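Trainee: So the sequences go chain by chain: H and A.
Take the first sequence: its position 19, counting from 1, is numbered 20 in the working numbering, and each next residue is one higher.
Take the second sequence: its position 184, counting from 1, is numbered 195 in the working numbering, and each next residue is one higher.
These are computed hints drawn from the structure, not numbers from a lab.
Hints are not guaranteed to be accurate.
Said to hold, decoys possible - With the C-beta cut set under 8 Å, the calculated list includes, among others, these residues of chain A facing chain H:
no., residue
1, Tyr85
2, Asp93
3, Phe96
4, Trp109
5, Leu146
6, Gly149
The model shown is predicted, which means the values in this text are computed figures rather than measured ones.
All C-beta atoms in this analysis are idealised placements derived from N, C-alpha and C, irrespective of residue type, glycine included.
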Amino acid sequence: MLDLFYTPFAEFEFMQRALVGVIAISLGGGPVGVFLMLRRMSLTGDAMAHAILPGAAVGYLVAGLSLPAMTIGGLFAGVIVAVAAGLVSRFTSLKEDASLAAFYLLSLALGVTIVSLRGSNVDLLHVLFGTVLALDDSTLLLLASISTITVMALAVLYRPLVLECVDPIFLRSVSRAGTPTHLIFLGLVVMNLVGGFHALGTLLAVGMMMLPAAASRFWTSDITMMMLVSVLIGILSGWSGLLLSFHAELPAGPAIILSAGAVYVISLVFGREGGLLWLAWPGRHLEA
Amino acid sequence: MSAAPPAIRFDEVTLGYGRRPAVHHLDGEIQAGCLMAVVGPNGAGKSTLLKGIVGTLKPLEGQIRCHASRGIAYLPQAAEIDRSFPLSVYDLVAMGLWSRSGLFGGISRQDRARIDEALAAVGLTGFERRPISTLSGGQMQRALFARLLLQDAPVILLDEPFTAIDAKTTADLLDLVRRWHTESRTVIAVLHDLDMVRRAFPQTLLIAREPVAWGETVEVLSPENLLKARRMVEAYDPHADVCHRNVA
């Protein structure tokens, strides 16, 4: 019975690779997701995930399903959309969420059109939903590098990032680190989305960022712990999602995100920090 | 006035948004060690003036010269902090050490002692581990004053620090302001309570977009000056011409 939980990984190399890939994605995506959530940028993350598509699609148009071409294209498109949305919101009266929505709808439509110009429906599915069960060495290396860079960059930027969320005016009054911090952080978001894109596709990549982060909020009110919990939830969902897809013969990407979604719903109901159950039955009030 | 160099000097400063002035042609200087109140009706440009001094708002014209540019501690109006962020009171207060610790610097045992001291000075001992979301308005303001204490800056700007704060907390925090004054720091506070200004602040700038009066509080807060300030026209003129004052 227990062997159901590990034999697929012991027996099949593609399952091992998928697990390693998902762990790498969780290590970088979890903490980035926590900061996205705390900065009220969850939807920004979602929009940027879609914005990567046309870039990756152009890479695909030029070089087929090639890792470097699609990565570079995706990075380019992500950065351009992030910067453009930022500029539009800064210099016009349109708020950032509205301008991001405009840009990502445009990108998604453009991306799908570009892919269908040359490719088949299979390729389109590949781009939209990823191929977590077919990760080769270079993709794994890319995912691992991205999570390494992300964790190190967050360690360096931790203080200004937190400060920029809580009290941006204070940060501005003591330091000039605010704007570069914000830009580097957006860069990290794009990088992690491009990484997630290879495994989970442009529509689901953001799931491994936001679902573990949102779930972690229900278990702790300490940011450091929140990042740790989100990584653990990411790994747990990856592992259970892969098993689910293996045993029930479901597509792997959606199964992973569904698992993360299940963890989120469980956290929402049972979480110690403001979960629904504790809200409904808080217990009698204390003396002081 | 003493011969010491001024802490802040204004050269025909106009601050504003778009091209509309909110502070119009301010000229003069604030002596180092001065305890000054900024008063005036709503929309008179008081907060704008502080933003100009901190440097978050660039003047439309003129120049603000500050001789302690890296050493300004600024307390904006309370509403601008994200209170839902999962941060402890201790960490919020510890941010005051930024100018010494910066991006990476560790927090030494001495620093920890100073954080405890600051928390004690504002009466928040025992609140260290509390998330900031659980603080009341007054407690939050106490925590922010503790952060100001740690910043240890020669120039301190306070934007309506006592608005919606009860009498006890106001008295405690006002004691801190007096302590800063005795330590010869420059303190500039935007205030609405004129009795408090008369009691505690030797210098006053009365502003209603244009500076109305500036100097000793007793003289500035005369009935004629206050009436003049009250007559300020709040709405701007949509057909306003370009200002040519002081153009040679």
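Trainee: All hints are to be evaluated individually against the structure, with a verdict given for each.
Mentor: Evaluated hints:
1. Tyr85: holds, 4 Å
2. Asp93: This hint holds: Asp93(A) lies near chain H, its Cβ roughly 5 Å from the closest one there, short of 8 Å.
3. Phe96: holds, 5 Å
4. Trp109: Check passed: Cβ of Trp109(A) comes within 5 Å of chain H, closer than 8 Å.
5. Leu146: violated, 13 Å
6. Gly149: Nearest chain H Cβ about 18 Å off; hint violated.
When each numbered hint is compared with the structure, violations occur for hints 5 and 6.
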